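Given these sequences and hints, build the entire structure.
So you can see what is in the structure, the chains are spelled out below.
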Amino acid sequence: MPFLKRYKKSKLGLPPGTIVYTGEERKEPISFTLIEYNEINFEKIEITNISDFFKRKKTNVVSWLTVQGVHDVDIIEILGKEIDLHPIVMEDISNIHERIKIEILDKFLFIVMKSFDFTPENLELTERQISFLLYENKLITFLEEKSNIFNSIINRIQSEFSRIRKLGNDYLLHSLIDIIVDSYFTLLEIIGDKVSDIEEELVTNPDKNTLMQIQHAKHDIIQIRKIIFPIREVINAIIRGDSPIIKEATHIYFRDAYDHIIRIIETLESYRDMVSGLLDIYLSSISNRMNEVMKVLTIIATIFIPLTFIAGVYGMNFLYMPELGWKYSYLVIWIIMLIVAIIMVIYFRRKKWI
Amino acid sequence: MPFLKRYKKSKLGLPPGTIVYTGEERKEPISFTLIEYNEINFEKIEITNISDFFKRKKTNVVSWLTVQGVHDVDIIEILGKEIDLHPIVMEDISNIHERIKIEILDKFLFIVMKSFDFTPENLELTERQISFLLYENKLITFLEEKSNIFNSIINRIQSEFSRIRKLGNDYLLHSLIDIIVDSYFTLLEIIGDKVSDIEEELVTNPDKNTLMQIQHAKHDIIQIRKIIFPIREVINAIIRGDSPIIKEATHIYFRDAYDHIIRIIETLESYRDMVSGLLDIYLSSISNRMNEVMKVLTIIATIFIPLTFIAGVYGMNFLYMPELGWKYSYLVIWIIMLIVAIIMVIYFRRKKWI
Amino acid sequence: MPFLKRYKKSKLGLPPGTIVYTGEERKEPISFTLIEYNEINFEKIEITNISDFFKRKKTNVVSWLTVQGVHDVDIIEILGKEIDLHPIVMEDISNIHERIKIEILDKFLFIVMKSFDFTPENLELTERQISFLLYENKLITFLEEKSNIFNSIINRIQSEFSRIRKLGNDYLLHSLIDIIVDSYFTLLEIIGDKVSDIEEELVTNPDKNTLMQIQHAKHDIIQIRKIIFPIREVINAIIRGDSPIIKEATHIYFRDAYDHIIRIIETLESYRDMVSGLLDIYLSSISNRMNEVMKVLTIIATIFIPLTFIAGVYGMNFLYMPELGWKYSYLVIWIIMLIVAIIMVIYFRRKKWI
Amino acid sequence: MPFLKRYKKSKLGLPPGTIVYTGEERKEPISFTLIEYNEINFEKIEITNISDFFKRKKTNVVSWLTVQGVHDVDIIEILGKEIDLHPIVMEDISNIHERIKIEILDKFLFIVMKSFDFTPENLELTERQISFLLYENKLITFLEEKSNIFNSIINRIQSEFSRIRKLGNDYLLHSLIDIIVDSYFTLLEIIGDKVSDIEEELVTNPDKNTLMQIQHAKHDIIQIRKIIFPIREVINAIIRGDSPIIKEATHIYFRDAYDHIIRIIETLESYRDMVSGLLDIYLSSISNRMNEVMKVLTIIATIFIPLTFIAGVYGMNFLYMPELGWKYSYLVIWIIMLIVAIIMVIYFRRKKWI
Amino acid sequence: MPFLKRYKKSKLGLPPGTIVYTGEERKEPISFTLIEYNEINFEKIEITNISDFFKRKKTNVVSWLTVQGVHDVDIIEILGKEIDLHPIVMEDISNIHERIKIEILDKFLFIVMKSFDFTPENLELTERQISFLLYENKLITFLEEKSNIFNSIINRIQSEFSRIRKLGNDYLLHSLIDIIVDSYFTLLEIIGDKVSDIEEELVTNPDKNTLMQIQHAKHDIIQIRKIIFPIREVINAIIRGDSPIIKEATHIYFRDAYDHIIRIIETLESYRDMVSGLLDIYLSSISNRMNEVMKVLTIIATIFIPLTFIAGVYGMNFLYMPELGWKYSYLVIWIIMLIVAIIMVIYFRRKKWI
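Chains as they are written, first to last, in the numbering used here: chain A, 1 to 354; chain B, 355 to 708; chain C, 709 to 1062; chain D, 1063 to 1416; chain E, 1417 to 1770.
Since the hints were derived computationally from the structure, they do not count as laboratory data.
Among the hints, erroneous ones may be present.
Stretch-level coverage of chain E by chain D, calculated; a stretch enters the list once three of its residues show a Cβ under 8 Å from a Cβ in chain D [stated by the list, open to error]:
# : segment
1 : 1714 to 1720
2 : 1723 to 1729
3 : 1734 to 1744
Source: prediction; values computed, not measured.
No residue lacks a Cβ here, since even glycine has one placed at the ideal position from N, Cα and C.
Right under this line is the structure:
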């Protein structure tokens, strides 16, 4: 499952401050889903034009807009102008090669997260950027493409009695981040299975390929750990209360998410240790195979070399070799050779080589 | 003794804030033991209904309730409502896959700890979560199942003259944590024995299996260290005086527990180093075996190859080979071959190969 | 691509405070490019004498002077006296072996950066020092030699509507540093390609040389990481607001540059890990080759040694060897030898050695 | 010199706050030595009853009591009651498995230190606990058994003009700790000698046992480092002025002791590195031996296999083999075989295998 | 170039506070050089008696006294009494086994530094202690023996127009430390050369000795790094402004020295990495040699074993072996054997073993 993504050059040489979409080419129009809810009402609206969003002025609801696609730079610019967003945030939304990070501005809270897409069969992982913009009573999430990752949250909001309906957009943010963190646990399981598979292959039938697989698994685990690691800082900044947008009552929920992240990072580290252990096992199993080959050679050679010598002796053409003329020497020689062979075999048995 | 527990999926996809029991399925009803004591009185009451606990309003005693089982989510919810507990704490009580942690709230102190169950024979370790809720004059402990881990503390409380009777619920908390930390020392001994066993096996009869055992022992030690490690932070938070519920006079006792934890972690680290050392010994013992095999081959081959050559020479059919006709050549050849063999053997002795 | 540059002795033994050019000898006269711009005007002037720069006194523009060459110590001294620069800064400008660093003085901000020159074919990297002096409305950049690294910035300034025209010299500084950081991404790609090349060579045709290449690549990666690493501190000092010369509005841009640096360092670290992995693969592929050689020896020897023994037996000259006289013994012996050989081959097939 | 001491179970299961002696069993009565001195007077008194100590009320002297033995728990309890000592300190005095630590109480300063007993011949190290209790004008030291480790200090106090007579009990404490730290330097030398011995053995005559010795030395060094390491924190706490009992004028002396501890820890670390280096040398020397064995086999086999083949050819029984009938063929064959052998030997010489 | 100096026992057992010279025995009288200068005057005086120094009371000059030799304890004591120096500083001056350190006292600044003496041929390094005592308008430097390390500074002071003449004794201190740090760069070059030498030897002619050299080089590099490392703290304490004796205007110069120290430590670290890399190359080159030996054996054995078998077959004495009687069988057999050999050789070529 190798997924080292090389840095895309597309932005190199361009001035900082230029909004550029850096992902794979996409053509489909960007779609928007708006959900407005409070303790009493719930409304879900598909809008096609970003300006429609800014026309809605309800303040007694939580307004959650999902932007599905960040490849249309114009839309990001319109949005930026409408709410007077800092240009660098606009850039970060479209540049899908950002690190996970938090940007605390006067009236905004901007967070970049990463989720992982994977197909269960071939285990090709794709890193997907999800960014969150929190301000006033609003939360805007930006996805790279249409995705149903947050469907369970939508369902929960629909349910009248869920806690999410009673709390603000900061709790909504927590719920979404929590879903992403949960998806890492699923990823952990897949990696765990992969590691187990390699371990089994190592025991049953190790070959050159196994070594490559071990190296790739190790590389992937380290890679994922690096991508996930900065979440610690992000959530820490929230817990420390750096931004007034997150109310203090919500801190305890983020503290919980923090513990989960620590657990995930620790598990990734223990996987890395296990994979390193597999490498040792692989190398020593190669040594073991070598030993086995050597043993067969040694046993065959050590048994037959002395016998061949004996045969050689009686193949000599000396005129005066008394044994040659005796009647039973041939038989006796066979017996001697048999005894020698048996002694050898017993010796090897003792040494536990056979 | 491998005990890597995979993360249970059960909570994935569920909204944060849902109380879910994440352990193995259990059916037995949850039982409660209430102990109330002060310097003069001691009372032990088995109660069957959690509401009975809240009806008791004595304030001049320490009230210690033990909840044996966290699989009945309803009971946790009742408890939560009665004392106005934060929902996230309620979740943490039932989710037995939490990390060791401390949650300092306005009126509560909540601590998650881990003990290890093990059967001395087969060394299968099971991680057990124990959580403590401290408030007012009360301490509630939550166990996963019935357990006699705290029996020695109950005995001590019964004794009229013990220090525990004179001090508050914070000292009781310390005593319980101290018992758990003590149990880690027992665990250390078992691991130490295991490491010694592997070391002995390594010296007497190493095989493929030994390598696996070394890797598993290493993995277990690292795993246990990771689980135990956060206790440092928990006790540190207490010593720093983050929570007013722990009186300052009790700090010195926690400082002592802190030293024990450091000692345990250090011992685990030294075990890990020892196990890594064992790996080196294993790999080099495999090399040694290989050397031994090679030596036998070399000795046998090196002695007989020249002798076979000599025999081969006199097996040639040239018409004019003067030695063939001499009377004692056969004898002389035997003597020469003997001398060659002896020289070889002496040479190998000198090289210390035999 | 080995580029470990030994420390030049030239400054050893000289008093601290002596301005000395420590690079390779250069003779060409130093040239100056002055760009003055504000939101309305843009002027680009080639000046030949440093004093001309100090005669210009416009304050409503950003004045950007590029000094192409630091080998003429006299010019640095004139400059130092004109603006009352601290002697140690004057030294640092000419000594091209400084580490990346920031020097925050009362009225000046002085930054030393490093770029890398490389020719795509032979991958010889050369470290180039670029220093920045920021004060009042001015920015002076010092290059080791003529270079077009900042051409894209000049183009941008020329464009009337670019953001750079509206902001001060601190934003200009950010743009220049951003260009340098961007060039590191290009470097990363080259290193990545090199690592891939080695990996491929390792799979197809590893030899002694490969090991050297791995070691050199590892060394280079560590070296580059060390050179780049202190940028973190430099940008951190800016973000912390240590110098009033950088306005707070510009901090967010530097925060972005900070994230890029972290990403670069992380990628370098993952390359280092990959190269270490390659070393393991190399060592194990050598083991594998050895195994292959041993296997051929074992197979050939193990098949023919018993056969040679059989032939040896019937080469003995005993008078009474009944088989010798039988009519079909020769044929039978051939058949026996064939059967032995076939059994051996089947055995090896089973063991998966052939 | 293996001395991993397993944690003694004796305290497990006992309530915290119980004073228990955890060392090897001892029967002898505890003896007390009291030294009282000031600039003018010096008195040394052997007392047999701890209460005698508390009857002496001089305040213009430094009172230094040495308690030789901590196995009589009653004495510790009397002492604790007399001066109103915290129970946990009383426990720590008798529990000889404490870590090195400092306990700063209102009126007391309590320090636990470790010295090492060793017999120069067999290098069995024993860890010995020494604790210090400092209050008012008094210093009480607790030893596990009678020891002359502090005799040089007693001698110095006896000398009228020594600095120790002019300074308080805090300087006395420093002198005692300094003696202990000095004893670590002696330990360092012994370890250094041991490492040198192993290195020499490695060069002259490495065997299986050497590997074990290397592992044990490594383990011991790490163990000692771990025991000594916390002294840093102890002395740091003193230097920071955490306790008013240590006057500021004495800080500089402790700073000196701090430097010595750092030097000791650094030396231990360099020993550990050296021992790790020895492991590499050992493993490679095993490889070298293997190579030597292989070379002998190769040389003998490679010389004689072709010769045996030649002999085999002329052992064939073809009717028409012209060479067989020629007069000098036998001689010629010998010459040919000799030439082949010589060419082989020259080839091996060239390759530097002989 | 091994130079691990064992800790000298000489001070063990002596009371702390005793001034003891701990270096090799020296007999020569201690000599003193006094230099007094200000912007206008310069005077260099050889004095023979330390008291002469204290009789000079000029305050409008910088007074720099160099004490060449610290083995006469009496002189240190006189000096200590004259200026009321703390006893521990007096000890530190004579004890040449101190770590690099800074001692900030009320009116004094005391710094211990280390230089390295080495003879270019045999590369035996000797650590030399240099200490500095700064107070009022004075700087006293203590050297272990006569040395010309500071001659270049003396020359500079003599020059009327040098900056050193205009600045105080703190700038003088900086200049002296700068000279010492510069000498480390020379040391770096020597180590670099040594590492290159080992690398070359490794490529051309590696033997057992090379491994020892690698280990020693590694050890030396680590050792030097450890000795130099604490300079960071020393200079940091100065830069932080811990002592008022160093004026703030001088801080920038020390900041420059700090950067140099970082560069030196980094270079040492990269040398250590390179040496570790050499170890890997050495071990793999041993493997390679082994492979070469094995290949020769395999090729010779694999070619001749089948041929010998063929010869053996026709050495059998069966009565009815039709081939024996045919006229050209001998020739045919030779041709067959030749073909077999050629096929083998081609096979080995294909495998790239020849």
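Hint check:
1. Chain D is given as covering the segment 1714 to 1720 of chain E, and this holds because 3 residues of the stretch bring a CB closer than 8 Å to a CB of that chain, at least three being needed.
2. With 4 residues bearing a CB less than 8 Å from a CB of chain D, the segment 1723 to 1729 of chain E meets the requirement of three and the coverage assertion stands.
3. Interface restraint, the segment 1734 to 1744 of chain E with chain D: holds (7 residues with C-beta to C-beta distance below 8 Å; minimum three).
Consistency note: the structure conflicts with none of the earlier hints.
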